[in-house]
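These protein sequences, in sequence, are chains H and S.
Just so you know, we're using our numbering here: the first sequence kicks off at 87 and counts up by one.
Just so you know, we're using our numbering here: the second sequence kicks off at 353 and counts up by one.
Hint data in this document are derived by calculation from the structure and do not stem from the laboratory.
Fair warning: there could be bad hints in the mix.
Here's a subset of chain H near chain S, in silico, CB distances under 10 angstroms, partners left out [said to hold, decoys possible]:
#1 213
#2 220
#3 223
#4 241
#5 278
#6 280
#7 286
Just so it is clear, CB atoms sit at the ideal spot from N, CA and C, and this is done for glycine as well.
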Amino acid sequence: MSFRGEAAIIGIGELPTQRTTLGRSMPGLLGDAARLAIHDAHIKIEDVDGIITEGGDTYPAFVAEYLGLRVRFATGSSMMGASGATGVALASMAVMNGLANYVLVCIAQARNPALGGGAEGFPGHGSEFDFPYGPAAGANNGYGQIYQRHMELYGTTQEQLAHVASNQRFNAQGNPNAVFDGQPITHQDVMDSRYVNYPLRLLEVVMPCGGAAAVIVTTAERAAASLNKPVYVLGGGIGLDDFGGMQKPEITVSPVARSAPIAFNMSGYSPRDIEFAEFYDCYTILESMCLEDAGLVPKGEIGPFFESTDTTYKGEFPINTDGGQLSAGQPGLAGGFRHVVEAARQIMGKAGVRQIERNDLGLVNG
Amino acid sequence: MTYGDGGGAKKAGKKASAEESSYNKPLPRATLNPEVSKPFWDGTKKHELWIQYDRRNNKFVFPPREVSPGDLTPMDELEWTKVSGKGRVYSYTMVYQSVIPAFNEDVPYVNATIQLDEGVRMTGNVLGLTEKQKTNHELRSNQRVEAVFDDVTPDWTLVKWQIIDDEEPPAPPSKE
Numbered sequence: 087m088s089f090r091g092e093a094a095i096i097g098i099g100e101l102p103t104q105r106t107t108l109g110r111s112m113p114g115l116l117g118d119a120a121r122l123a124i125h126d127a128h129i130k131i132e133d134v135d136g137i138i139t140e141g142g143d144t145y146p147a148f149v150a151e152y153l154g155l156r157v158r159f160a161t162g163s164s165m166m167g168a169s170g171a172t173g174v175a176l177a178s179m180a181v182m183n184g185l186a187n188y189v190l191v192c193i194a195q196a197r198n199p200a201l202g203g204g205a206e207g208f209p210g211h212g213s214e215f216d217f218p219y220g221p222a223a224g225a226n227n228g229y230g231q232i233y234q235r236h237m238e239l240y241g242t243t244q245e246q247l248a249h250v251a252s253n254q255r256f257n258a259q260g261n262p263n264a265v266f267d268g269q270p271i272t273h274q275d276v277m278d279s280r281y282v283n284y285p286l287r288l289l290e291v292v293m294p295c296g297g298a299a300a301v302i303v304t305t306a307e308r309a310a311a312s313l314n315k316p317v318y319v320l321g322g323g324i325g326l327d328d329f330g331g332m333q334k335p336e337i338t339v340s341p342v343a344r345s346a347p348i349a350f351n352m353s354g355y356s357p358r359d360i361e362f363a364e365f366y367d368c369y370t371i372l373e374s375m376c377l378e379d380a381g382l383v384p385k386g387e388i389g390p391f392f393e394s395t396d397t398t399y400k401g402e403f404p405i406n407t408d409g410g411q412l413s414a415g416q417p418g419l420a421g422g423f424r425h426v427v428e429a430a431r432q433i434m435g436k437a438g439v440r441q442i443e444r445n446d447l448g449l450v451n452g
Numbered sequence: 353m354t355y356g357d358g359g360g361a362k363k364a365g366k367k368a369s370a371e372e373s374s375y376n377k378p379l380p381r382a383t384l385n386p387e388v389s390k391p392f393w394d395g396t397k398k399h400e401l402w403i404q405y406d407r408r409n410n411k412f413v414f415p416p417r418e419v420s421p422g423d424l425t426p427m428d429e430l431e432w433t434k435v436s437g438k439g440r441v442y443s444y445t446m447v448y449q450s451v452i453p454a455f456n457e458d459v460p461y462v463n464a465t466i467q468l469d470e471g472v473r474m475t476g477n478v479l480g481l482t483e484k485q486k487t488n489h490e491l492r493s494n495q496r497v498e499a500v501f502d503d504v505t506p507d508w509t510l511v512k513w514q515i516i517d518d519e520e521p522p523a524p525p526s527k528e
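With the hints as extra help, turn the sequences into a complete structure.
This is the structure:
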């Protein structure tokens with residue numbers, strides 16, 4: 087079975103990404119995002135009969151109860167920052183198979199620095215074999231090493247990847263949901279920003295934030311009656327990697343090398359057909375390697391690509407048209423969901439000042 | 353030996369307490385199963401590097417596990433084996449700001465992934481770079497390194513990596 091347009095997103099909701107969400111809880115943020123999505127989809131709350139949450143901090147049964155939903159399908163997608171995109175794939179499967187008619191996918195991140203950043207994480211190898219050697223913050227340590235190796239293998243330069251950050255900052259201007267709206271930066275600003283851990287400079291690293299988003303997924307049949315332009319799910323693939331990444335064969339190759347071919351095969355389209363991309367971008371280097379692994383740019387040629395291509399919403403190949411996570415902020419568990427929501431927004435033609443013209447076929451890596 | 357003792361605060365013995373309290377960086381803290389990795393840390397205390405070896409599949413396993421990844425060979429068939437302690441830099445990052453405040457007195461320093469000649473990789477610090485090499489980020493992949501052992505407390509010895517200049521290493525093990 088294939089998605090191939092059998093399911094569609096018919097409503098989106100996104101809260102402004104903020105540095106902190108003081109006074110707000112995860113279920114509360116989910117409620118606000120859900121209200122926006124349900125309203126945007128022009129359905130009634132009673133129509134929602136399925137729910138997908140992240141599943142860990144937002145247990146789906148409790149969220150359904152908190153929101154007052156009477157659902158017949160519920161699950162958590164449990165994929166950290168990729169939970170939203172994964173949730174859309176799961177929702178598509180659910181509606182195509184009759185488990186639900188309208189599935190609410192809703193992901194939130196509350197953030198109160200006074201309560202700690204959750205650095206403890208879950209049981210794993212890091213605290214025993216990595217922490218004693220002084221890792222850089224968050225995932226910086228691994229992505230610094232990926233960046234270094236990409237530069238050595240392919241001659242990629244920091245000047246080239248700095249365009250990722252400055253182009254996306256341009257895109258974020260005028261986006262009220264972007265935390266860096268009103269704070270434009272230049273390519274030189276990126277190059278002048280301090281090292282957090284070489285080769286990563288501060289402006290190439292995402293800023294942790296809070297926020298929430300939600301979408302409504304239904305069958306193509308029901309979507310055809312929607313007042314919104316339906317955003318058909320044509321194909322999808324889910325790739326996984328070693329969590330630590332220490333032992334994987336080649337750290338400059340992402341799981342997108344496996345997920346993208348599945349999505350393209352399912353859709354009937356190829357990388358050449360794609361008009362715009364919304365790609366996970368916790369770091370300039372992560373987005374860069376994923377664009378390569380999706381086949382949009384040949385492996386190792388992402389540096390020259392960014393040197394020669396305008397990737398702003400005004401450009402020939404728009405990428406992360408809302409600013410991405412780098413310039414709109416990373417709302418934690420909802421981080422990758424930002425890319426799904428912006429792709430849907432562009433296809434629906436609701437992107438306002440940053441609306442792109444060629445908006446029929448987008449590729450999302452959430 | 354106590355495992356999972358992050359700050360050394362629970363350590364018995366006056367002498368040990370005094371020495372441990374001067375070391376303010378994280379010690380290895382097992383969150384999965386301290387017993388399975390005990391031979392590794394027993395080895396570093398003797399200034400030796402011991403790694404699990406899956407004889408059935410002729411491959412080394414790290415970090416220590418209760419099953420061999422990819423083969424699911426059970427733990428009682430994984431043999432703790434003393435290895436050469438030599439390897440190469442797979443990649444690295446030069447840390448200017450650590451998530452752990454105590455490390456910020458050492459910045460910039462190298463946090464690297466080291467590929468042992470036996471095939472597995474581990475995280476570690478590469479020592480011995482000059483200030484000029486640090487400033488210019490002169491470390492490169494494939495730089496040969498050798499394990500050195502840092503007795504940071506009476507109970508804990510960390511593995512670090514010293515730059516060496518030696519001939520090509522032997523080929524990693526291949527499946528027979």
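Right, here's what the structure says about each hint:
no.: 1; hint: 213; result: 4 angstroms, holds
no.: 2; hint: 220; result: 4 angstroms, holds
no.: 3; hint: 223; result: 4 angstroms, holds
no.: 4; hint: 241; result: 13 angstroms, violated
no.: 5; hint: 278; result: 15 angstroms, violated
no.: 6; hint: 280; result: 7 angstroms, holds
no.: 7; hint: 286; result: 7 angstroms, holds
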